[in-house]
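Engineer: If you want the building blocks of each chain, they are given just below.
Number of protein chains: 2
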Amino acid sequence: KIYNMSKMNVSETGSDLKCLTSWVEMDESSDFSIDNIPFGVCSFPGTTNARPRCCTRLGDTVIDLSTLSEAGLFDVIDHLDSPTYTFSRDTLNNFMTHPKQVWADVRMRIIELLVSPTSCNALTPDARLRTNLPLQKTAFHDVSSENENIQVQMNLPASIQDYTDFYSSREHATNVGTMFRDPANALNPNWTRLPVGYHGRSSSIFVSGHEVTRPCGQLQINPTDASEGSNYGPSRLLDFELEVAFFVGGKPNPHGERLTMERSSERIFGFVLMNDWSARDIQKFEYVPLGPFGSKNFATTISPWIITTMALEKYKCATSYEIQEPIPLEYLQDKDYSSYDIELEIAIMGENMKEPVKVSKSNLRNLYWNAKQQ
Amino acid sequence: KIYNMSKMNVSETGSDLKCLTSWVEMDESSDFSIDNIPFGVCSFPGTTNARPRCCTRLGDTVIDLSTLSEAGLFDVIDHLDSPTYTFSRDTLNNFMTHPKQVWADVRMRIIELLVSPTSCNALTPDARLRTNLPLQKTAFHDVSSENENIQVQMNLPASIQDYTDFYSSREHATNVGTMFRDPANALNPNWTRLPVGYHGRSSSIFVSGHEVTRPCGQLQINPTDASEGSNYGPSRLLDFELEVAFFVGGKPNPHGERLTMERSSERIFGFVLMNDWSARDIQKFEYVPLGPFGSKNFATTISPWIITTMALEKYKCATSYEIQEPIPLEYLQDKDYSSYDIELEIAIMGENMKEPVKVSKSNLRNLYWNAKQQ
Chain A
500 KIYNMSKMNV SETGSDLKCL TSWVEMDESS DFSIDNIPFG VCSFPGTTNA
550 RPRCCTRLGD TVIDLSTLSE AGLFDVIDHL DSPTYTFSRD TLNNFMTHPK
600 QVWADVRMRI IELLVSPTSC NALTPDARLR TNLPLQKTAF HDVSSENENI
650 QVQMNLPASI QDYTDFYSSR EHATNVGTMF RDPANALNPN WTRLPVGYHG
700 RSSSIFVSGH EVTRPCGQLQ INPTDASEGS NYGPSRLLDF ELEVAFFVGG
750 KPNPHGERLT MERSSERIFG FVLMNDWSAR DIQKFEYVPL GPFGSKNFAT
800 TISPWIITTM ALEKYKCATS YEIQEPIPLE YLQDKDYSSY DIELEIAIMG
850 ENMKEPVKVS KSNLRNLYWN AKQQ
Chain B
500 KIYNMSKMNV SETGSDLKCL TSWVEMDESS DFSIDNIPFG VCSFPGTTNA
550 RPRCCTRLGD TVIDLSTLSE AGLFDVIDHL DSPTYTFSRD TLNNFMTHPK
600 QVWADVRMRI IELLVSPTSC NALTPDARLR TNLPLQKTAF HDVSSENENI
650 QVQMNLPASI QDYTDFYSSR EHATNVGTMF RDPANALNPN WTRLPVGYHG
700 RSSSIFVSGH EVTRPCGQLQ INPTDASEGS NYGPSRLLDF ELEVAFFVGG
750 KPNPHGERLT MERSSERIFG FVLMNDWSAR DIQKFEYVPL GPFGSKNFAT
800 TISPWIITTM ALEKYKCATS YEIQEPIPLE YLQDKDYSSY DIELEIAIMG
850 ENMKEPVKVS KSNLRNLYWN AKQQ
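These protein sequences, in sequence, are chains A and B. So the first sequence is residues 500 to 873, counted in my numbering. So the second sequence is residues 500 to 873, counted in my numbering.
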């Protein structure tokens, strides 16, 4: 057993909402602040709310959006025809197919409902949830570590049809290229010209914490000579990578219609942490010439709360590269070539270890190809 | 515009059902004979049946299974709890998640309803559809070329989450290897030891006949030197392959549980023709080291009717290889290493051509890795 703990810290770098406070009790240091408003899918086993539904979270309080919508609190949102239909579903897919304006309106509406009446911001607080204690009792679920009575089960936030894993860290690609080839030609010629990627198996995407079974497969007998063949057995080189994934929302693109770089930012709903689990020994034998397959099929884990691009907007920053060199071809040029200042770290804890050991840290701004280009 | 016409002919090689005839009028030479009973999803634009539903077909008659199930004709099937629910859906996914016995029972039930009372077989005909003219009027749709009033729209038969494209023709892999490397080492060492495959993009799978838009992408400037970079533009080397695809049904495999070779045949629901559209020039520049991506993302087309493994059983035969050499590792050994005797051919017709030109013919038995091993 390996416990894998990835963490995403967003460091406050100024926001027009930063003076907001909520009337809901919460720890000020929580990542789930009132200007975060993540989206996820929860169920509450053993209660009458056992069916998964859409939720958000503030501090240690998970807030059931289906209950709020049944109470009519989202009826003011334009173009979200039936909020109850949308939020009582067991995935966020329906919500995510709405245009970005609807995502933004829902987020602001949740903030209006949760903000203190004395908050310094120009926002107009709405008292309908604050003054309705029975509604709070139904919709709020305390997940603080002290409250062991309440079980909240986090589910996969969306039904994922296709998923693509891009190879967007220049340093990572250079390291791998150095190992497999030589340092002078570490990057393949295509790498700096397009975001190289492959499709993964969406049926093996699980929420973080899912117990991953060590895969079996064909392991090359002689590490330097594939022609000596392979044996079947459990992977001995199991590995996971620290990645950040994003969900594409909006109306599906009609077949044959290209999405321009300008319009791509309207379509990115939000981000999660991702661990791409890999069996490196299985990968070594199988991957020529069609890419990784069984070595990556057994598990991909993502964090359950989607942090929206609206919430991340205030952490927007230049990438570590500032400019791309060579300049990408026109269709891939991002006039607003930027990323987000999000510290990332990854730690592991083996079965016999007392505490997790941090094995790597980075920042989302260190990726060469940004989400829009991917 | 290129019209692509793939065809699958199943040559009669003996069957216990071969003496069956139907009371429904049909051309004896039709591929949709009474022992075929394919499954598909149709809609009938401009009628009150405009919503897609599950169908089968006999000769030129498309038969609406949702209407038959509403009339109670499938109530005798065990373990298909609600046939109306199953067949009124807009995909076959629900039906396909049932066990193989249910697929077989539904098929035999349809044959009982359609078989002539004078048929020579031991099957007991059921007169309930034959004697109910109003039900026939609702459920039957004549799609013969003479009847231009009836429009039947064929839809994608299933909602496809993951799809994998295997590289299972030894001759094809040898040809490609000879072109890219040298004839003496045409096959990579892994090729004869495992079915090499990659995931495709399921959102670009369409029913045959869908108009495919020529994709744009990065084309390598110097064909022999990738380091000279690429230009963006429409693919000039658009290509499609003649392939056969199959649908995996049954209860989803729990994560971490392996499907044995013995159990794999219970899970293969049926086969369709497939064209894997490829932009070879885009593929050339992009595919190192993670495999094909944008070059295969724009379209994959499949035929609308799924021919079940039950219907194909009588065409079962040895593969062209008879045995696999080297012997696969134990987990991949198929004691019943076999295929189906299905003639395959592919023709194209350019916009200025008067008739299609056959460009290739083969037989499903020529694949080295069979469906169970894939």
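Keep in mind that the hints were calculated from the coordinates and are not lab data. Note that beta-carbon positions come from the ideal geometry of N, C-alpha and C, so glycine has one too. Don't take every hint at face value.
Claimed, not checked - No farther apart than 35 Å at their CA atoms in a straight line, the calculated lysine-lysine pairs in the DSBU-like style are these:
hint	chain 1	residue 1	chain 2	residue 2
1	A	Lys857	B	Lys813
2	B	Lys813	A	Lys783
3	B	Lys871	B	Lys813
4	B	Lys834	B	Lys750
5	A	Lys750	A	Lys813
6	A	Lys871	B	Lys783
7	B	Lys750	A	Lys783
8	A	Lys834	B	Lys813
9	A	Lys871	A	Lys783
10	B	Lys853	A	Lys750
11	B	Lys871	A	Lys783
12	A	Lys871	A	Lys750
13	A	Lys834	A	Lys783
14	B	Lys750	A	Lys750
As the list claims (entries may be wrong) - Footprint (simulated), chain B over chain A, 3 or more residues, beta carbon under 8 Å:
hint	stretch
15	545–558
16	607–618
Engineer: Hint by hint, say whether it matches the structure.
Structural biologist: Comparing the hints with the structure gives:
1. A:Lys857 / B:Lys813: Cα-Cα ~60 Å, so violated.
2. B:Lys813 / A:Lys783: Roughly 40 Å separates the two Cα atoms, so the pair is violated.
3. B:Lys871 / B:Lys813: Given that 35 Å is the threshold and the Cα spacing comes to 17 Å, the pair holds.
4. B:Lys834 / B:Lys750: holds, 24 Å
5. A:Lys750 / A:Lys813: Answer holds: A:Lys750 to A:Lys813 is near 26 Å, not above 35 Å.
6. A:Lys871 / B:Lys783: holds, 24 Å
7. B:Lys750 / A:Lys783: holds, 31 Å
8. A:Lys834 / B:Lys813: violated, 61 Å
9. A:Lys871 / A:Lys783: holds, 31 Å
10. B:Lys853 / A:Lys750: violated, 40 Å
11. B:Lys871 / A:Lys783: holds, 24 Å
12. A:Lys871 / A:Lys750: Distance of about 17 Å is within 35 Å: holds.
13. A:Lys834 / A:Lys783: Since the Cα atoms of A:Lys834 and A:Lys783 sit roughly 38 Å apart, the hinted pair is violated (cutoff 35 Å).
14. B:Lys750 / A:Lys750: Holds: B:Lys750 and A:Lys750 sit about 31 Å apart, inside 35 Å.
15. 545–558: With 0 residues in contact (Cβ-Cβ under 8 Å with chain B), the coverage given for the stretch 545–558 of chain A is violated.
16. 607–618: That given contact is violated, which follows from only 0 residues of the stretch 607–618 of chain A lying within Cβ reach (below 8 Å) of chain B.
The structure shown violates the earlier hints numbered 1, 2, 8, 10, 13, 15 and 16.
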